[in-house]
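Engineer: Okay, here's what each chain looks like letter by letter:
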Amino acid sequence: MMGMSPSFASTQAWTISRRSLAERWQLFAGAFLSVTLGVALVQSSLLLLISAALYEPPAGLSAADRMEFTDSTAAVVSMLGIILGIATFLAGFIISSTFAFTVAQRRRDLALLRLVGAGRGQVRRLLLGEAVLLGTLGAAVGVPLGLVVMAAQTWLLRRMGFVPDGFRGEWREWILAGSFGTGIVLAVAGAMVAARRAARVRPLEALRETGDAARVMTVTRWLAGLLFFGGALALIIVAPHGGPDGGAAMAMNVPLPAAIAAAALSPLVVPLLGCLLPTGSGVAGVLARANLWDARRRSASVAAPLIVLVALVVGTAGAGQTFTTSGIDELRRQTHADLVVGTTGPPATAIAAVPGVATASTESSLPVTYTTGHGEDAETETGSALVIDPAAYALAHSAGSSLTSLSGHAVAAGPSGDVPAHGTVKIELPGLKLGSLPIVAAAPTTMSGGADLLLPPGVAPASLLESAPTRSFVTLRPGADLPTTRAALAKIGTVSTTDAWLTADAKARTKTSDKIMLVIMGLGGLYALIGVVNSIVIGAAARRREFAEARITGLTRTQVVRSALLESAAVTVAGLVLGAVAAAGAYWAAVASTAAVTGHGTLSVPWPLVGAVCLVALLVTGATSLITSWSATRRPPITLLAARE
Amino acid sequence: MTRADAAVTLRGVSRVYGRGAAAVRAVDDVTIEFPRGGWTAVMGPSGSGKSTLLHCAAGLERVDAGQVLLGGTDLTAARDRELTALRRTRIGFVFQSFNLIGSLTAAQNVALPLRLAGRRPRGSEVRDTLAAVGLADRVRHRPRELSGGQQQRVAIARAMVTRPDVLFADEPTGALDSSAAHVVLDLMRQMADAGQAIVMVTHDPVAAARADAVIFLRDGRVVDRLAGAGPREVADRLAGWEARR
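Protein chains in written order, with the numbering used here: chain A, 1 to 645; chain B, 1 to 245.
A hint or two may mislead.
Looking from chain A toward chain B, a few residues come up when the C-beta cut is under 10 Å (computed) [unchecked claim]:
| # | residue |
| --- | --- |
| 1 | R66 |
| 2 | A104 |
| 3 | Q105 |
| 4 | R107 |
| 5 | R108 |
| 6 | D109 |
| 7 | L112 |
| 8 | L113 |
| 9 | G119 |
| 10 | R120 |
| 11 | V193 |
| 12 | R196 |
| 13 | P203 |
| 14 | G246 |
Just so you know, the hints here were simulated from the structure itself, not pulled from any lab data. Backbone N, C-alpha and C define an ideal beta-carbon position, used for all residues, glycine too.
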């Protein structure tokens, strides 16, 4: 009955694909851009990750430097792993939401095809054919663009000291196949749901723009929304039970499912939030409010990437900052010392000899490679060890009696919590294999981590300690004169008050995590922002006629543009609010986790970042709406309306 | 019973919108035959259910009760796949708003149903069909380069290229000025004379008067029927039914 030869049908699908590409270029330019940038970002992150994982330390490094190098490479690899994950998530999200939107915008065209005899399969094949075409084209431009992005990311990593100057991302032949695969798979996957839905609609319903065609909250949307909401909720509930590292990881991951849930359910909320906004009682305001309700699909498409942007940047950064702050607060509560003296190598008895000094805990930091477990379970990691005086350390760091048994040829698990409190550990210091040592004690785990291992004096040779960065936490005798003691200590090393030292240490820490945020979020945020612009441009392309009708009705061009601006401002604010809700999920998890680990719930919101994100979002959406609506109303309305007849 | 010369038969067809107290019977137990080789116009006050009747007859709208037969094929029992195949081969549509695909030329628009059916159009097939609607010289034009009347004639050519059993037309002259409408109606008259079955919904008595028969709908029911009447008579009859609301 169908009598359709597949080859002709697909030839036809391709003809229409190419034709419609040429005709509705704004739609396809948007989809193409989303694929291109997604491919570039994923490719660059993947190449950098592989280059870092395979990076060999330059020849001629000392053993200590070699260990430091391995440690920092491991950190860069895991950071690049996160970047790759976020890049892939963003690419998938932005591409699928852009494709879904372009398909929704073309319902009428597709219904027409159905009306003149296109089968459901043909509509589906047409849309998937387009996706393959756009995926291929996007990858073709995305691959060279990816090299530019990689140069930028490498520059960022190098500039911030994450990688040495010699590091460069290397091109691999197979990445061509990988990137084209990524582009095509993401595009097809993004178009799949939209294509199925478009093919299901009966020709008449789509022509009338009622019923299924106009329904925004589809079953898929509800399912995705509720599923990811559940996922976010599960993370929030489990995070406090995950310990310092697990809790932080879970809290920082809340924004991803929360953002998807908020974006999926946004058509329910955006118009409502929009109506609450004071858009004015003028005719432009009335029109803007009506449009918000009527064009829920369009509003949702603009809001979705915004929600992801806010959730990701503000949520992740805020959760990270909360954990950092909580770690510092905890250290402040735990550290009992008046001054901190920084030296290279242990100052031996010099500090204790200073009049006015009661006790001093001297701690020298060494890079270490350690292996825990046996046989197949053996795990080797690179980290840091502190050479300490157990009694003085316990006094200075509220370690109580936990370290009393640490002496002789043994080690204690450090505050990082990465080493188990029992058993043995195989230790290698720079240029020196210590062999297996028993773990006889464990310092309390802290939020901010720290050394992996604590070594008693005598385990590490003096020759190694000579060049080790060392700090001494000094407590003064009651009645000792602070300035005099301080002056005397200043002859031994750099002196700071404990508070100042912790703050400076924290600043250095935050700086690193801020830098990581910048590297991770910078390009990702930019990509999400381009997704927002994309949706506005695609939406405006279809609004020429609507604008023309409004002007024929008697609105001036300024009123039409002002109404479009108001509408975009309302959608932006709604997107920001929903993104903030998703970010709040991460904050909730962070507060609960810090309370569980340290006993004190902490919340630290990066207000300047929040302000900057809101400002940039409002500026970008405002400027885009202004430009697109202004250019869409350039021609006199009558020429546009008459042309349709 | 179905006569052999009926192109489309409706038997006790009803279509209800909404539920309970808010339910509206857009088509209420209509039994009617549209003859093969005849042009039937469907008229009625607005809201009388004439568009719904057309959509039901063409298999575009589900019916709540009754049966729609296209020749011997039961549309009410047909699945989407069969309906799609019917739209390609045995049913043609023309709408008030032309509904051409803007990115395709006139010839490509006309060739579309053939291509969707998996047929490569013969070189002359599309040109001849366009020539038959008087647009032999507009083959490569895109819809926006054509006047409204010309666009509607391309739409008719697109509907006719598959030589359908029935052509359904929903207000085909509704968006046209009177001279463009005249050309389109002449074209449809020619087609009907050549044996094409046409079912047309219109509110224009001039258009309806060109048909072989006019049926009048009110509140979803067929209330009257005229054959061979002039525009004046059709207009009077329509006014009569409108006044009785």
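Engineer: Please go over all the hints and tell whether each is borne out by the structure.
Structural biologist: Now the hints, each set against the structure:
Checking R66 (chain A) against chain B: minimum C-beta separation of about 63 Å lies over 10 Å; hint violated. The beta carbon of A104 (chain A) is not positioned within 10 Å of any beta carbon in chain B (closest approach about 18 Å), and the interface hint is therefore violated. The closest approach between the C-beta of Q105 (chain A) and any C-beta of chain B is roughly 14 Å, which is over the 10 Å cut-off, so the hint fails. Against a cut-off of 10 Å between C-beta atoms, the interface hint on R107 (chain A) is violated, since the closest Cβ of chain B lies about 13 Å away.
Taking 10 Å as the C-beta contact cut-off toward chain B, the hint placing R108 (chain A) at the interface holds, the least distance being around 8 Å. Satisfaction of the interface hint for D109 (chain A) is found here, the shortest Cβ-Cβ separation to chain B being roughly 6 Å, below the 10 Å cut-off. Residue-level restraint check for L112 (chain A) holds (minimum Cβ-Cβ distance to chain B is 5 Å; threshold 10 Å). For L113 (chain A), the shortest C-beta to C-beta distance to chain B is roughly 7 Å, which falls under 10 Å, so the interface hint holds.
The beta carbon of G119 (chain A) is positioned within 10 Å of a beta carbon in chain B (closest approach about 5 Å), and the interface hint is therefore held. The restraint placing R120 (chain A) at the interface with chain B holds, with a minimum CB-CB distance near 7 Å, inside the 10 Å limit. Taking 10 Å as the C-beta cut-off, the interface hint given for V193 (chain A) is violated, the closest approach to chain B being about 19 Å. With a cut of 10 Å, the hint placing R196 (chain A) at the interface with chain B is violated, because the nearest CB-to-CB distance is about 14 Å.
Because the closest C-beta pair between P203 (chain A) and chain B is about 6 Å apart, less than 10 Å, the hint holds. With a cut of 10 Å, the hint placing G246 (chain A) at the interface with chain B is violated, because the nearest CB-to-CB distance is about 51 Å.
Hint violations for this structure: numbers 1, 2, 3, 4, 11, 12 and 14, all remaining hints satisfied.
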